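> Sequence:
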Amino acid sequence: GSTAPGKKITARIKRTLPVKGPQAPTLSELMRWYCLNTNTHGCRRIVVSRGRLRRFIWILLTLSAVGLILWQCAELLMNYYSASVSVTVQFQKLPFPAVTICNINPYKYSSMKDYLSELDKETKKALETFYGFSEGKSKVRRSVDEGNSTGSDFFKQIPLLKFEDFSKTATDLRSGQKRKIEGSVFHKDSSIVNSGDSNDIIGFQLCDANNSSECALYTFSSGVNAIQEWYKLHYMNIMAQIPLETKEKLSYSADDLLLTCFFDGLSCDKRHFTRFHHPLHGNCYTFNSGENGTILSTSTGGSEYGLQVVLYIDEADYNPFLVTSTGAKIIVHDQNEYPFIEDIGTEIETAAATSIGMHFTRSRKLSKPYSDCTETGADIPVENLYNKSYSLQICLHSCFQKAMVDSCGCAQYAQPLPAGAEYCNYKKNPNWMYCYYRLHEKFVKEQLGCQQICKDACSFKEWALTTSIAQWPSTVSEDWMLRVLSWDKGQKINKKLNKTDLANLMVFYKDLNERFISENPANTLVILLSNFGGQLGLWMSCSVVCVIEIVEVFFIDSLSIVMRRQWQKAKKWWNDRKRDRSGKPPQAGDLERQGHDNPICIDEDLPTFNTALRLPLPQDSPLPRTPPPNYSTLRLETAFTEQLPDTLEVGQH
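If you use UniProt numbering, the sequence shown corresponds to residues 1 to 653, in order.
If you are wondering where the hints come from, they were derived from the structure by calculation, not from laboratory data.
Because the structure is a prediction, the values reported are computed rather than measured.
In this text, a Cβ means the ideal position worked out from N, Cα and C, and glycines have one as well.
The reader is advised that the hints may include incorrect statements.
Okay, the calculated beta carbon distance ranges per label pair [claimed, not checked]:
1. I344 / R275: 18 to 24 Å
2. R275 / T129: 39 to 45 Å
3. S468 / A74: 51 to 57 Å
4. D576 / F56: 38 to 44 Å
Calculated cross-link-like contacts (lysine-lysine; reagent style DSBU-like; alpha-carbon spacing at most 35 Å) [stated by the list, open to error]:
5. K428 / K442
6. K455 / K499
7. K402 / K499
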């Protein structure tokens with residue numbers, strides 16, 4: 001019984017001390033304690049200010065400061081993910097790029113007559129039926145009556161058609177018979193305004209081999225475009241069946257294409273060129289490809305110190321239906337990049353000297369989170385079919401080829417083969433043309449998802465080209481120059497050269513300025529944190545410790561109070577449920593332990609003896625009684641077991 005008063009005193013002291021943190025019974029008391037003890041002055045002034053007007057003004061100012069902080073911090077976060085662009089110019093010795101050169105005509109027409117004889121005959125029949133003319137004797141360069149058959153049934157399946165009107169009635173230009181055409185119309189020359197004369201509209205029909213009712217009509221306002229598109233369609237089908245080794249022999253060799261070569265003022269030859277076969281352009285030759293591990297460089301700008309070549313075009317051996325222009329195509333690219341001649345190639349015309357001046361620029365963009373570019377393409381779910389460094393064009397072409405193999409069962413001829421696939425041809429894949437055109441339509445409309453999957457490369461090199469053209473050779477030098485060139489190539493060319501068969505090309509650096517364009521973060525993490533601290537100190541006189549305090553009170557302590565209250569409610573509910581099941585009434589001791597509010601104590605002071613006497617009794621509680629006296633406490637008991645001797649003597653006296 002000696003420790004009971006100490007516990008009561010301790011409990012009384014705890015009741016008089018201020019409530020701290022999660023010990024507060026309610027959230028309102030926690031917020032009050034926070035405002036009285038925080039270093040944030042605005043919150044403290046809300047509590048200690050007297051008068052409603054002054055308190056309202058402090059509430060308004062504090063909320064405004066919090067809003068400004070949130071706005072400024074959001075701006076800082078947005079600026080953190082922005083980048084600044086810097087341009088650096090250096091003057092130094094520059095590596096020379098790879099220069100890929102292709103003849104516009106991919107294969108020698110004289111070598112292809114055995115494969116294209118049937119297609120050429122069908123094309124000439126269509127021209128004679130539609131335009132009413134045939135080749136004259138002077139224009140007949142070779143016979144196409146003999147040769148290997150490439151499948152006349154195929155031409156019957158997809159003939160050229162002349163549309164009489166828009167009621168789906170067409171005339172077969174091969175047989176002259178009229179037929180009813182069903183299917184959706186796709187006009188391929190949307191940029192050309194149709195004159196309204198339906199007789200000028202020709203095209204062809206592609207149908208699903210598995211469902212003849214599923215057809216698509218491809219119409220053209222220009223007869224030239226229609227014949228060329230139809231011819232290329234059958235041409236790709238024929239070329240897909242020819243082995244690669246045979247196609248390399250049918251195209252131009254380095255000795256056929258290159259007459260003279262100079263680089264950096266020194267002579268060069270075919271050993272400096274690397275051959276690669278392009279499906280649409282035949283044999284192409286790359287100067288300075290870097291395959292042997294050596295990349296040439298130049299230390300002087302100007303046309304005299306670049307690459308100078310004279311090309312032999314041989315216009316007389318061009319395919320008249322496949323290509324309608326004469327010359328060569330070149331592309332300047334990095335040694336690790338694939339040359340997309342068909343997309344970004346520059347055409348070089350014959351009987352002219354074409355000078356191409358270059359400016360070299362290296363660019364680098366920041367990857368995530370600053371931009372949506374890729375470093376190496378490893379994060380792109382598309383297989384690279386070109387075995388070159390990643391680029392957006394490689395990704396798009398590879399994505400389309402994969403979709404082609406998945407949807408049509410074969411690969412498109414103009415792009416590399418995926419593993420385990422083969423090129424489409426009508427004999428093995430009779431439905432490939434209809435499938436290809438449908439798939440290409442979806443690709444152009446961005447419905448295949450390739451444009452969404454593929455991303456730009458973060459790092460790339462670019463050569464900005466400036467092209468100028470001059471007449472070459474000049475009238476006064478034409479005779480002797482052609483004679484000398486014919487003499488130099490006498491063993492290979494058994495005729496006098498014509499200037500329309502030649503093209504002079506010069507590729508050089510205009511200057512040796514290397515421009516480096518890079519993106520740098522506009523803000524670093526240190527600057528971001530400093531800006532955050534400045535905003536907090538400016539509007540709320542707050543520091544990092546204050547922020548930690550806010551996190552502790554508003555998140556940890558508040559959550560602790562809410563969870564404790566919920567736990568108490570759940571515990572009370574469970575106890576009440578157990579009592580209801582047992583049918584036992586609440587015990588008197590439970591009522592005494594629960595406590596009650598005293599209306600007499602209206603102030604915060606502890607009750608005095610007089611106020612305690614006036615406290616009302618709880619309802620349904622027994623009246624307090626005076627406890628009976630403990631008579632044992634009135635007995636006097638000595639602390640000594642034996643009486644002292646001196647007291648005994650005094651007692652005896």
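> Work down the list of hints and note, for each, if the structure agrees.
Comparing the hints with the structure gives:
no.	hint	in the structure
1	I344 / R275: 18 to 24 Å	holds, 21 Å
2	R275 / T129: 39 to 45 Å	holds, 41 Å
3	S468 / A74: 51 to 57 Å	holds, 53 Å
4	D576 / F56: 38 to 44 Å	holds, 43 Å
5	K428 / K442	holds, 24 Å
6	K455 / K499	violated, 45 Å
7	K402 / K499	violated, 44 Å
Violated hints for the displayed structure, listed by number in ascending order: 6 and 7.
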